[in-house]
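Chains as they are written, first to last, in numbering that gives the first Met the number 0: chain W, 0 to 148; chain B, 0 to 143.
Treat the hints with caution; some may be incorrect.
As the list claims (entries may be wrong) - List of simulated lysine to aspartate or glutamate pairs, DMTMM-like, C-alpha gap at most 20 angstroms: (1) W:LYS148 to B:GLU76; (2) W:LYS134 to W:GLU111; (3) B:LYS80 to W:ASP124.
By construction, these hints were calculated from the structure, which means they are not laboratory data.
Single-letter residue listing:
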Amino acid sequence: MSEALVEEQAQAAETEDAERKIIGFFCRECAYAAADATGNARISLPPTIRSVLVPCTGRVSPLHLLKALADGADGVYLAGCLVGQCHYREGNLHAIDRVEFARALLQSVGVEPERVQMFTMSAADSPKFVAAARKMHETISNLPPLKRK
Amino acid sequence: MPLTARGEAIFERIPNSAPRESTGSIGCEIVRHEELCIGCARCASVCPTGATETSGTFDPMQLFAAPPDSRRGALGEALRKIARHQPSGPIEVPGRVSSFRSIVYEAEKCIGCGACARICPTGAVEAIPVSAAEIASSRGGEAA
Ligand code: SF4
Ligand code: SF4
C-alpha cells in the first residue's frame, strides 16, 4: 500500500464529523480479522474510532502517527498481531518501537504521550479488539481536544 | 586552517617537521551540517577511527531544521503543529528505530580521511582539504 494511499485514507476518515477523533491503524492479518468478527457479532465500536487498514503494523511510520494528530486526530493507535505472531515476522516489533519513539517526541514538546498507543491481539480475539478501542476512546475522552497551530 | 587533532599529534613527534608540498593536502577538516542529515548512518559505518558514531538519542530540534521536502522535515512540520513548547532536549531512541538517531562527531579522534564525506548521500558532511602550505605556515615553517 502506498504512503499516499495510507494518508489519503487517514484524511478521508478524519473529515467525517464527531466530537473527538481517533485513528486506528489495523493490521490486515490479526486486528482486521478481529474487527470483522466484532462486526459479525454486531458489537459496535465507540463512534470516535476511524479505522485505516494496513498490511502490517510494521508499515506505519512515526510520520503516519504524528501526521494523523497534526491533521485532525486527537488520538491514534495501532492494533496488530501478538508479539511473536506477526505474519511478517517482526513488523509488530518495529511498530512497538516506533510508537514508543512517537510518544517520546510528543512528550518532549509537551503533548500527552497517551495519545499514541499500541495494542496486540490474535485474529480470533474480538473481545480484546473491542477492549482496545474502548480503552483508547476512554483515554482520549478524558484528555482535552488536541490544539493545533 | 587548523590541522586535525591526530595530525597535530603526529607532527608533534617529529622535530622541525613540516608537510611536504608533494602531498598537496594532508587530511581534511570535517564540518557536519546536521540539518541535512537523514540518519542513514553510512558515515559512522565507514569511519575507521570511531570519530563518527551513531548515538542512542535524537534531538527533535533536528526535525525542525530539516529541509521541508524531506522525511524528517515532514515529521518536523507535523510535530510543530501540535507542539505546546520547544523540544525539551534529546530523547532516548528505541532499538528498532534506526533513522532518527543523532550522529556524534568527535574531532579529537578524527584523522581527516574524508571517508564519511565521500559516502554521505546528502552532503551533510563536508571535508575541507587542509593544504600543506597552510599547515606549514601555521607551524611557523615553510613547506619543503
Ligand atoms: S574524516 Fe575519517 S576519521 Fe574523520 S570522522 Fe570522517 S571517516 Fe571518521
Ligand atoms: S552519511 Fe550523511 S546523511 Fe547519512 S547519517 Fe552520516 S551525515 Fe547523516
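| message | Need the list of violated hint numbers for this structure, in ascending order. | response | 3
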